[in-house]
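Undergrad: The residues making up each chain are set out below.
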Amino acid sequence: MARRLIKKRSHKTGLPPGSLVHVGERKAERVKISILDYDEAQLEEKEAKTIEESFPFKEKPTVTWINIDGLHEVEIIEKLGSHFGLHPLLLEDILNTDQRPKMEDAGAYIFVVLKMLYPGENKDRVEAEQVSLILGSNFVITLQEREGDVFNPVRDRIRRNKGRIRKAGADYLAYVLLDAIVDNYFLILENVGEKIEDTEQQLATNPAPETLQYIRELKNEMIFLRKSIWPLRELINGLERSESTLIHESTGAYLRDVYDHTIQIIDTVESYRDMISGMVDIYLSSISNKMNEVMKVLTIFASIFIPLTFVAGIYGMNFEFMPELTWRWGYFILLAVMALIGILLVVYFKRKRWL
Amino acid sequence: MARRLIKKRSHKTGLPPGSLVHVGERKAERVKISILDYDEAQLEEKEAKTIEESFPFKEKPTVTWINIDGLHEVEIIEKLGSHFGLHPLLLEDILNTDQRPKMEDAGAYIFVVLKMLYPGENKDRVEAEQVSLILGSNFVITLQEREGDVFNPVRDRIRRNKGRIRKAGADYLAYVLLDAIVDNYFLILENVGEKIEDTEQQLATNPAPETLQYIRELKNEMIFLRKSIWPLRELINGLERSESTLIHESTGAYLRDVYDHTIQIIDTVESYRDMISGMVDIYLSSISNKMNEVMKVLTIFASIFIPLTFVAGIYGMNFEFMPELTWRWGYFILLAVMALIGILLVVYFKRKRWL
Amino acid sequence: MARRLIKKRSHKTGLPPGSLVHVGERKAERVKISILDYDEAQLEEKEAKTIEESFPFKEKPTVTWINIDGLHEVEIIEKLGSHFGLHPLLLEDILNTDQRPKMEDAGAYIFVVLKMLYPGENKDRVEAEQVSLILGSNFVITLQEREGDVFNPVRDRIRRNKGRIRKAGADYLAYVLLDAIVDNYFLILENVGEKIEDTEQQLATNPAPETLQYIRELKNEMIFLRKSIWPLRELINGLERSESTLIHESTGAYLRDVYDHTIQIIDTVESYRDMISGMVDIYLSSISNKMNEVMKVLTIFASIFIPLTFVAGIYGMNFEFMPELTWRWGYFILLAVMALIGILLVVYFKRKRWL
Amino acid sequence: MARRLIKKRSHKTGLPPGSLVHVGERKAERVKISILDYDEAQLEEKEAKTIEESFPFKEKPTVTWINIDGLHEVEIIEKLGSHFGLHPLLLEDILNTDQRPKMEDAGAYIFVVLKMLYPGENKDRVEAEQVSLILGSNFVITLQEREGDVFNPVRDRIRRNKGRIRKAGADYLAYVLLDAIVDNYFLILENVGEKIEDTEQQLATNPAPETLQYIRELKNEMIFLRKSIWPLRELINGLERSESTLIHESTGAYLRDVYDHTIQIIDTVESYRDMISGMVDIYLSSISNKMNEVMKVLTIFASIFIPLTFVAGIYGMNFEFMPELTWRWGYFILLAVMALIGILLVVYFKRKRWL
Amino acid sequence: MARRLIKKRSHKTGLPPGSLVHVGERKAERVKISILDYDEAQLEEKEAKTIEESFPFKEKPTVTWINIDGLHEVEIIEKLGSHFGLHPLLLEDILNTDQRPKMEDAGAYIFVVLKMLYPGENKDRVEAEQVSLILGSNFVITLQEREGDVFNPVRDRIRRNKGRIRKAGADYLAYVLLDAIVDNYFLILENVGEKIEDTEQQLATNPAPETLQYIRELKNEMIFLRKSIWPLRELINGLERSESTLIHESTGAYLRDVYDHTIQIIDTVESYRDMISGMVDIYLSSISNKMNEVMKVLTIFASIFIPLTFVAGIYGMNFEFMPELTWRWGYFILLAVMALIGILLVVYFKRKRWL
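Chains as they are written, first to last, in the working numbering: chain A, 3 to 357; chain B, 3 to 357; chain C, 3 to 357; chain D, 3 to 357; chain E, 3 to 357.
Certain hints may be false.
A pair counts as met if it fits within one copy or between any two copies, since identical chains are not told apart.
Taking lysine-lysine pairs in the DSS-like style, the calculated list, with each CA pair at most 27 Å apart, reads [unchecked claim]: (1) K104 to K60; (2) K352 to K29; (3) K197 to K352; (4) K354 to K292; (5) K197 to K34; (6) K292 to K352; (7) K60 to K164; (8) K81 to K169; (9) K292 to K197; (10) K62 to K169; (11) K81 to K164; (12) K352 to K48; (13) K51 to K354; (14) K29 to K354; (15) K62 to K48; (16) K34 to K352; (17) K169 to K352; (18) K81 to K104; (19) K104 to K48; (20) K29 to K104.
Honestly, the hints are just simulated from the structure, not real lab data.
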């Protein structure tokens, strides 16, 4: 898990700043470049073979969304950067896939980098993919580590011309994309919430060593989510308060809405953390309770039968002169005495509420 | 419990922003629209069949309170929004019933969303209902998830013309409604306080596995209350400091009073959290104490009788030449020796204060 | 304990704001109104039968201190309020005896509400009484829940004309009263400090189940103290920084002094909390240590005698052909072997440092 | 320990503000007044019999350092105060030896009160002595509870005219004295650090009940240090940012240096707290580990020999018809069977890794 | 470990401020002075025998990087200080090798002191070396405790004229050096992250007493890292916001990049702390689980065989009149009864899920 929090940069250390090296696993087979160009009246959609095909769109007055899946071909990023005038350090940020979510206003464009979360393969782990978004005056470039994202409903909306999207500018497109990412966090949190409930249920009814393992995993999951989500607050706030001319006033209310969602998500993450934080203590208490039960059983058995065994042992001794042994009713009297001792001890333990 | 903190939004993800979909369970059978229109001299009260019936009141100079119970009929909310000029994102907030309490000053109206708490069905859980409040120049619209609320005393006061309410404007009505909601939190906290005391009592006298369960539930309850109540501070403060012309200066002192109450409620929630936070440790200590008792009983029984049984075992051996066995007083001497060993061990345990 | 943090407001919910209802237990038999009117030259002291007797003092240029013990007769408070021009919400605050300490500058007067702490009946609990103080241009009104307070030394100083008090104005009197209340907190903290030391002592020498109970009570005590004392910081700071003309510049240094005391008290409360916070863990460790001791005794006894008993058991068997039984020294050899086994086990446990 | 955090003020409560009463133990036999008067050219050093002897130095242009050891003779402080024009509340602060470290700029002089730490008698406790420092235009007055301080190197430097000290003004002297006090904290922290290391060592190799006691003491020590040291940050910062003409610009860099040291000391205290905070848990885990060992020994012994004893018990029964007893090799077969059972159980426990 | 947090200053206490004494271990054999002087066109590299050789470079317009390995020869530092006009307190900071990372803008130069981290000898401990950096108008001086650093790639880049470095000024060189130090932290964190994963793995599969030791060490490691890394935030922020003319505007973006890295490193340290913080609890729970297992085995063995032994004991008694003993099938009936008892107990424990 600790490895999820920081990626191997070893092979990069020592290079000059702005050196473009892809940090992170290669998640995509090949780089896929999709272009969606639209205004209220028309829509052009195409998959580009080379990054150069996307360059002419920079000058067109229509809104262009260039989406790149796969970051491992560094030259593509380099060419993109030099054509769209992106700062080398920014390109480095795109390629370092363990970037902290942040927003930077570079004047001619706004750069946003954040995490897209999706459920892991066997659904018991959240995975994060880094998404970079560059908002220019009439274009949005998004860069992702691999294909498959939460943007399909947005593509649909553009294609079907639903809602404001085709009428609004690039800033609204950027907002819609951010909103899609943030909205998706709710789904992730729902999943986590269900896992928390399951674990609580287990804790209440039948705590097992596996429960401890689940708690530990939930804890680490929350640490991971927290690290991905907390910086969003500052990021969205930065966008909302930015005085950049790239963001129209009318988009402000929408950004405030995303901001509210972000706060709500952070609140929920914190509440979850609170809920998980005491679980180990409760688990420990349950185990202690169980041990108490075990000990009681042992104590009752041992405390009743050990004295009785001793009594039987006495009359098993081979002394020549043991008067009781010759009594006619000795055996039966002793059995009665033993029964009495047993009953007294049972009563004693009942009084102590151990039985 | 985790499910109480976040509501299923799954079916909503991917819709364009401002899409009106009711998020949350449907709590009311049908939507009920009540209108209360008054000034110092007159009072009109009616239940509207359609939302359109409420529209004419917007223009009347009297104060109008439109209360809507039930949010599942989205068209009603839509019509209301378009007639009263409410922003689509705001309507979305009304329908997302897991909204974080907040206040928004939209110029022509002030929008407030917060939680009304009430005791759950079997009284051992707090339930929350979302209340949205829109304050316009001469109207207040409140929207709730279901019928039944804490506003009845307010309705009474309006009807009977008690206090300032009929003389004051819509902002005072809004304050009175907020005050009713906040005042109700004290009752909820009293209930929780009693549960805490009961659990403390149990912890002190007779901690059982159920106690652990209660503690866990109290903890979750506090997490839930905290999430519902903390944002109120900012909300009320925002209202108090708002420079909106919708809030008259004279209402300021009243809002400050609600603010004080909010702080006091938050203080109490934090104190309760503090009280609960150490309970599991104390429970664990109690269990350990109990186990100690069990162990002592076992140890005393075993440590006294096991050596004695061994001695008896020796004289139960069948060696042909065991001189003691033929002694005239052998048996009685041995009994005496055993009694002595027993007494010495009892003294030893007394010294250790285990007896 | 939880009940100490919040008082029953149930019978008040739903009343219009500003409704005067006494919230809290009735602590005084009857309302006692004492008036102390003085300037440098003269002193008048009297006990008023009705609140109206105090009204003429409002206009006199001398400093007047009106002290009211007992809050249950609401009309008295009402009359007082209307004559001295106090805001209805402020009167409500006086009567809600679980008010959070706060200060309000109302222009014509400054209103301060805080807690006077005194040791509970059997000295093992701190009790709080709410004190309200209204500072006007030439009068100070104090309202308490019951007779008996920390103001007697102040009364003495006024009567005997000691120090600056008779020369200074009403603001200095208000300061002196606040100082008396805050100074008293030091005494309360000394008491708590002694209890902490006792508990630590107990924890170090002989932790018993009662110790756990003490720790729990100390914890709750600190929660209670914290809730009463923390808001003082803001309160005194507010007074010091207030730009009210009611507080003369020369009183500023004195208020700063009270502020320093407040900070010191808060520091001490936090230090105490820190000290108490780890106590349960230490208790738990002590209990575990004790259990270890118990277990060792059991293990030593059982591990030594159980194998020996087994050996004795072997030679207690009734097989017809057991050669050892017929040996001349069989019995003595076996005793020697048993002694050897016993000694070896003792040595083993000594090595393990269990003995 | 709790008593170290707050001193008995009981006998002071109720006195008018500014009443001079010495709060704290009397630590010095008699009051010792030393005067050191110097400029670059000359040096006068004398021990004054009465405080009046120091008064003429106030007017001299040379830098004068008046040091007073022993605070119990209140008249001395009173005379000093009235001659040097010190505020009565400030004199009170000097005498209350549990004052919170603070700095006050009174215009004509700057008043600083802080703690001088020194190792306790048997070196296992840090003790604190209150030092007050008054910086005037050409004099510094220091007041301590008893003789013996960390200022001797400063006195030496003045006498030997080493460094800047004789060339610089009173503010530089004040800085040098503060620096000496703060530098001494490093020594105290070194000592504490060594104790922490010793305790960690013990915890890792051989945790005993005493270890718990050490941890508890370290914890309390840190609470004490924290309370003494934290306010220094604000104090030194206040001096550095003060716009008082008493502090020359050139002294600013030196104060910033003390400030850096203070931050470093606070950082170290916090790191120490962090290190200590988890120790009890680790101790508890060690104890649990030990108990596990004890339990395993018991379980192995009991689980091997109890079944064997049972088997021996069977053949110790006196039934008339027990065919095995008459078999020729019955005894030896049984011994073999017993050995086999024993071996199997040993193998079983080996598999469980308990052996 | 505590010793790593603070260095022996004992021999320094009492010296006048600005006294140059090397605080810390001597880590280098001899002092090594390397000079690298370059501009875009030319490069001069030499190792100086005396510090005086470096002085002429101060006046040259080219960028000069003077690196000094070894701080124990105080005169070298003194001469350097007086030639380059460094404040004595600053020289003191260079020599106190437990300095808190900080940045100071002295007008003519900027002084930065921070920690270079490298893996300890046997790789299981992070070691810190103090690096001081002085940025002048056309020179950078770096001072380290010993040879060997993370600057080699920078030297390479200068020699091979790679990237911007030869074209840019001294401020860019300073940035590149800081960046090299900060980048190296990622490697250190990767190592720590791997240790955390190993420990987690151990905790999940086979917690042993050593695991506890690892956890404790990880905790202390994080305290150490935190103390070294946290102040960086402020330091880099200070550089970025500094209005010094020594830092060109174009370097700002690069500093912001280092700042982002610093935040990310701090985030990771905090996440690691979070992950480690709960580990002891989980360890404790695992131990409790194991003890439960041990107890169950003991209880099952004891509870089955102790009653059976008692029964056998009864029929081992030597009473003359025990009718069962003479029954023909007595022995076999008894064996059957014993088997039945045993089976019933096994069933009982199965039901309890202990088997």
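Undergrad: So, for every hint listed, does it hold in this structure?
TA: Taking the hints in turn, this is what the structure says about them:
1. In the homo-oligomer, the alpha carbons of K104 and K60 lie at most 27 Å apart inside one protomer (24 Å), although the nearest pairing across protomers, at 40 Å, exceeds that limit.
2. With identical chains, the CA atoms of K352 and K29 are never at most 27 Å apart, being 65 Å at best within one copy and 47 Å at best between copies.
3. Proximity of K197 to K352 under the C-alpha cut-off of 27 Å is found in neither arrangement, the shortest distances being 40 Å within a copy and 30 Å between copies.
4. Both within a single protomer and between protomers do K354 and K292 lie at most 27 Å apart by alpha-carbon distance, with minima of 18 Å and 11 Å respectively.
5. Proximity of K197 to K34 under the C-alpha cut-off of 27 Å is found in neither arrangement, the shortest distances being 35 Å within a copy and 37 Å between copies.
6. Taking the shortest Cα distances, K292 and K352 sit within 27 Å of each other both inside one copy (19 Å) and across copies (15 Å).
7. Within a single copy, K60 and K164 get their C-alpha atoms as close as 25 Å, which meets the 27 Å cut-off; across copies the closest is 32 Å, which misses it.
8. Taking identical chains as interchangeable, the C-alpha atoms of K81 and K169 lie at most 27 Å apart only when they sit on different chains, with a minimum of 23 Å there against 30 Å within one chain.
9. In this assembly of identical chains, K292 and K197 lie within 27 Å of each other by CA distance both inside one copy and across copies; the values are 24 Å within and 26 Å between.
10. For a Cα distance limit of 27 Å, the shortest separation of K62 from K169 inside one copy, 16 Å, qualifies, whereas the shortest one across copies, 37 Å, does not.
11. Taking the shortest Cα distances, K81 and K164 sit within 27 Å of each other only across copies (20 Å), while inside one copy they are farther apart (34 Å).
12. When the C-alpha separation of K352 and K48 is checked against a cutoff of 27 Å, the pair qualifies neither within a copy, at 81 Å, nor between copies, at 67 Å.
13. Taking the closest pair of Cα atoms, K51 and K354 never come within 27 Å of each other, the shortest separation being 81 Å inside a single copy and 62 Å across copies.
14. In the homo-oligomer, the alpha carbons of K29 and K354 never lie at most 27 Å apart, since the shortest distance is 64 Å inside one protomer and 43 Å across protomers.
15. In the homo-oligomer, the alpha carbons of K62 and K48 lie at most 27 Å apart inside one protomer (15 Å), although the nearest pairing across protomers, at 56 Å, exceeds that limit.
16. Proximity of K34 and K352 under a CA criterion of 27 Å is satisfied in neither setting, with 75 Å inside one chain copy and 58 Å between copies.
17. Taking the shortest alpha-carbon separations for K169 and K352, neither the intra-copy value of 80 Å nor the inter-copy value of 70 Å comes in at or below 27 Å.
18. Taking the shortest alpha-carbon separations for K81 and K104, only the intra-copy value of 23 Å comes in at or below 27 Å, while the best inter-copy value is 39 Å.
19. Taking the closest pair of Cα atoms, K104 and K48 never come within 27 Å of each other, the shortest separation being 30 Å inside a single copy and 43 Å across copies.
20. With identical chains, the CA atoms of K29 and K104 are at most 27 Å apart within one copy only, with a shortest distance of 22 Å there and 40 Å across copies.
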